[in-house]
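Line by line, the protein sequences give chains A and B. For the first sequence, this note's numbering puts the final residue at 361, and the numbers step up evenly by one. For the second sequence, this note's numbering puts the final residue at 880, and the numbers step up evenly by one.
By construction, these hints were calculated from the structure, which means they are not laboratory data. Using N, Cα and C, we set each Cβ at its ideal position, and we do this for glycine too. Mixed in with the good hints, there may be bad ones.
Unchecked claim - Computed from the model, here is a short list of chain B residues facing chain A with C-beta under 7 Å:
hint	residue
1	Glu-661
2	Glu-667
3	Arg-673
4	Ser-733
5	Tyr-750
6	Pro-754
7	Leu-757
8	Arg-805
9	Arg-819
10	Leu-824
11	Val-870
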Amino acid sequence: MRLAVKISLYNTFVRLLLAAGCWLAWPAPIPSLWYIVVTVTLGLMIKVDLGYAHFLLRPMRILIRRKLRIIQDPGQFDFVPLKTSTTDLRQLDKRINNLMSQLDIRFACEKAFTAYASHELLTPIAVLRNRFDNIIADEETPDHIAARLVDSQQTLLRLSRIVQMLLCLARIENHQYLKNETISIRSVLLEVLHALDDRIAMKEITMTLEPDTDIVSISANHSLLYTMLVNLIGNAVRYNTDQGHVTIGWGRFGNRPTLTITDSGPGMTPEQIAMLTQYGRPVKATGNGIGLQVIQTISRFHHIGISVDPSTTKGTLITLKFTDIQ
Amino acid sequence: MNTLIVEDEPAMAEEIAHFLRKVGFVCDVARTGKEASERVWMNNYDFVLIDLGLPDYDGFELLQETILCQHDASYLILTASGELGNKLRGLNLGADDYMTKPFSLLELHARMLAINRRKHGLTEPDIIFSGFVLDPLARRVHYGLREVELTRREYDLLHYLLLYRNRVLTRLQLAEHIWGNMADDGPDSNYIDVHLKNLRRKLAVYASTDWLETVRGVGYRANLPHLS
Chain A
36 MRLAVKISLY
46 NTFVRLLLAA
56 GCWLAWPAPI
66 PSLWYIVVTV
76 TLGLMIKVDL
86 GYAHFLLRPM
96 RILIRRKLRI
106 IQDPGQFDFV
116 PLKTSTTDLR
126 QLDKRINNLM
136 SQLDIRFACE
146 KAFTAYASHE
156 LLTPIAVLRN
166 RFDNIIADEE
176 TPDHIAARLV
186 DSQQTLLRLS
196 RIVQMLLCLA
206 RIENHQYLKN
216 ETISIRSVLL
226 EVLHALDDRI
236 AMKEITMTLE
246 PDTDIVSISA
256 NHSLLYTMLV
266 NLIGNAVRYN
276 TDQGHVTIGW
286 GRFGNRPTLT
296 ITDSGPGMTP
306 EQIAMLTQYG
316 RPVKATGNGI
326 GLQVIQTISR
336 FHHIGISVDP
346 STTKGTLITL
356 KFTDIQ
Chain B
653 MNTLIVEDEP
663 AMAEEIAHFL
673 RKVGFVCDVA
683 RTGKEASERV
693 WMNNYDFVLI
703 DLGLPDYDGF
713 ELLQETILCQ
723 HDASYLILTA
733 SGELGNKLRG
743 LNLGADDYMT
753 KPFSLLELHA
763 RMLAINRRKH
773 GLTEPDIIFS
783 GFVLDPLARR
793 VHYGLREVEL
803 TRREYDLLHY
813 LLLYRNRVLT
823 RLQLAEHIWG
833 NMADDGPDSN
843 YIDVHLKNLR
853 RKLAVYASTD
863 WLETVRGVGY
873 RANLPHLS
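Chain B on its own, in the form it takes in the complex (with noise of 0.2 Å):
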């Protein structure tokens, strides 16, 4: 999907457009408003990332601009002001979704999946893996005929390691997945280690859990064939 990043920052563009490469996206970085608002004419995007911070631009004008030049793709406000005015502002304008800095690489990915699935009216396919079948729609885990019995939790973090299979999770990006800005930033917390040893002992009642691997001191990994 080609996607045109808004962002004023280098660094920060440079980390999103590495990123985002990695996982199959076409990306293109513009720094400055004036210099987006010439790619939006020339260049057709699935996707828009604009910080509002610009330098030269007022970043709900440019939002105004583009939806007007390229009311077909999808845009994600990325800002680091986290008042609620200008997020329904930003929403009202057009905008789908609105995360604020700084955000988890993954939680954006996640992001822009779940809006090209709600424009084009795509549902997500059940998860094959080791013999279970994950219902993204029921929130549902069955093993053959059984169902699993799982927790919100269990299935949210579940659900999200099959998401970004043979890739590590880290402790806080788990975390932060299923509790957002409540996610505990003490070292002490060891609450997903509960929620993935009981996830491990109900998956493991009906095969083997050998491909939910814990990374030492990092995280967790889901070792699976790719998705099809």
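Okay, chain A solo, but in the shape it has when bound (with noise of 0.2 Å):
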């Protein structure tokens, strides 16, 4: 309930109770104009206290609406000072500038900590990678020392993909990905479908997305959605049988769409379904686990729940749950 709306019942119970003493006090019966004098005297009561408590209030609704509930980011916070006379709310204003102020600098300094590490942890890679490929290349370079380099080379790519990973990590945490696009499910589908043709095709897995069917994605970031989607069935490509299947479906989780994947692979451990559905357990940079942490943050970065069928013995069933829908 609104907090004039309570200030004002408040008010008219005072007066109600004020005004049954009065009467039970009363030597003589009231006569009955009395009580429509009372009556109405009080509903115009409460239309006055109800209409002075809005508009003292009216700061706090700005406050609320202006400054707190468009926030993503603290770098979207409005600075500029609440117009009031209330000192409380004057008080209240300069309390949450100076906590978002904070939790603006906490903010950039991780950004300009992520572009610092994404600098310094990249390019010895890259040097080393590109040092690789030129004496690779290079003529005079025996096929036995060329055949060491390129397995220093596969080590050298998973240090990288683990270090983007990590990076990746870091700015979706810190809220460095916008969110500002409308994007179909299917659309995206259809292009990690189209990514990994040739993986299905060499595996012979009977691949199939439900038709006529599709969820609009609001606030949405596409290069997030497409990692989080490609990696999801990418996993149930690679881990899957030969001649296997996968079933790409959709629901309802009460008033939500769901997208399900469903596998005919070895189906996940208990370690992996846990990495991939909670929140803040630390990120295990080895065989498949960073990646889940990946997928795990960037649906919570759309309020996409995730839930594997525990039930399933064979075989890996995932639930998407979205929330931020058209």
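From the two separate chains plus the hints, produce the assembled complex.
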């Protein structure tokens, strides 16, 4: 219930109590005209109270609407002081401004750190990568040395992927990705299936995308949603058996539309499921742990719930529950 | 083609310059923004490769300044920052392309050639090899009048091998070319080998594929006469 309504109801209740006290203490019976006068007066009082409380709390509504409701990042915060003659609200506004300013500084520091880490970590990797390229391409490099360098290049690629995924996680957590696109999930799925077509064909996997349905996600980031779906479906293909199947279906969970990905692979371990569905677990840069963390972080960034059906003994059933939809 | 490499990391600049010189480019290296700024006022370049993270200059400012000074050159941003905002800003300021470190030098070269063709309205000529004709515009391969049915990936692999003929291409370089960031990093991944096996099988129906050599433990090489 609105604060203004609560204040005016409280005032009315007090006045009713006073009126009841007066009525009980009155020595003679009260004429019926008095009841009408009292009722009309009380009604007027409620209206005046409500109007005044509404007027008093206007700065609070502005504070919520203009400053707090639309904020996804401290950088978007409106630091202009609130215009009000009420000292308490002025102080509240001042404190919120201070708090957001501190948060803004922390976010800026983290952004600077990610940019710095990105440069400092990826530049040496790039140097090594290019040096290996040049040595392998050199006609004078013996084949057995080239073969060992190829192994090293593979290791370097894994290192580079881990660094890039960790930086991606940091950027998402730090809200460095814009979330201002309206995206058809079906069209992203078609892009993903196009990118994976040769891997699907090589393993002779039966891929089924249920027709005639779509989910249009609003306030979304296309490249992140693509990364999430290409990882989920890529895993379903990569860890599947030859001639297995992957089915992408649509459904509902309460009033939320859902996307399901079912495969005939070996299923996920409880640890992998926890990595995919639970926030706050320490990042494990081994196996596909970090990839699962990236999926989980992107889904949380988009308010998409992820669940894995634990009853699936063979294969995996992953359900994505969408919230921000058109 | 004259190329200016603006890169503060000496080893990185050296490797890029070494590679580009080998494929026929003339390269100058500037280690700071100031040095780059001086060079663009003194020399004419066809390509300027700019690292955004310079110690003394804002990379975007340098890009704007060099575009003002040499608007006929092509600009390629090389950076460790994977932020989409930076990419868009660079492209909006007039850069022709944007590559995120670490990248393959072959990929850098391929993009430079593509920019050059785009800028001068050129089309890539047909590639004739071992009796086959690869038409890059139509993305088709013919042997005489008969078309060789290749998948998208097989075509891409063949095209890349022909572009860098007589050079060993590692499985990683081939995988990154066709899948980009989705290239598998597992040592057990054999997608490239399967594609190459299928490619050989399809070409062998028409003519010998002895020119397509497997370099054990390294990758593949197309042993063909150099392009004229």
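Comparing the hints with the structure gives:
Proximity of Glu-661/B to chain A holds as hinted, the smallest CB-CB distance being about 5 Å (cut-off 7 Å). Given hint, Glu-667/B at the interface with chain A, holds; its Cβ is 4 Å from that chain's nearest Cβ, closer than 7 Å. The closest approach between the C-beta of Arg-673/B and any C-beta of chain A is roughly 11 Å, which is over the 7 Å cut-off, so the hint fails. The interface hint given for Ser-733/B is met, as the beta carbon of that residue sits about 6 Å from the closest beta carbon of chain A, less than 7 Å.
Against a cut-off of 7 Å between C-beta atoms, the interface hint on Tyr-750/B is violated, since the closest Cβ of chain A lies about 14 Å away. Evaluation of the Pro-754/B hint against chain A yields a held restraint, the C-beta minimum of about 4 Å falling below 7 Å. Because the smallest distance between the Cβ of Leu-757/B and any Cβ of chain A comes to about 5 Å, under 7 Å, the interface hint for this residue holds. Against a cut-off of 7 Å between C-beta atoms, the interface hint on Arg-805/B holds, since the closest Cβ of chain A lies about 5 Å away.
At a threshold of 7 Å, the smallest CB-CB gap from Arg-819/B to chain A is about 6 Å, leaving the interface hint in force. Interface hint at Leu-824/B: satisfied, since its Cβ lies 6 Å from the closest Cβ of chain A, which is below the 7 Å cut-off. Checking Val-870/B against chain A: minimum C-beta separation of about 5 Å stays under 7 Å; hint holds.
Violated hints, in rising order: 3, 5; the structure is consistent with all others.
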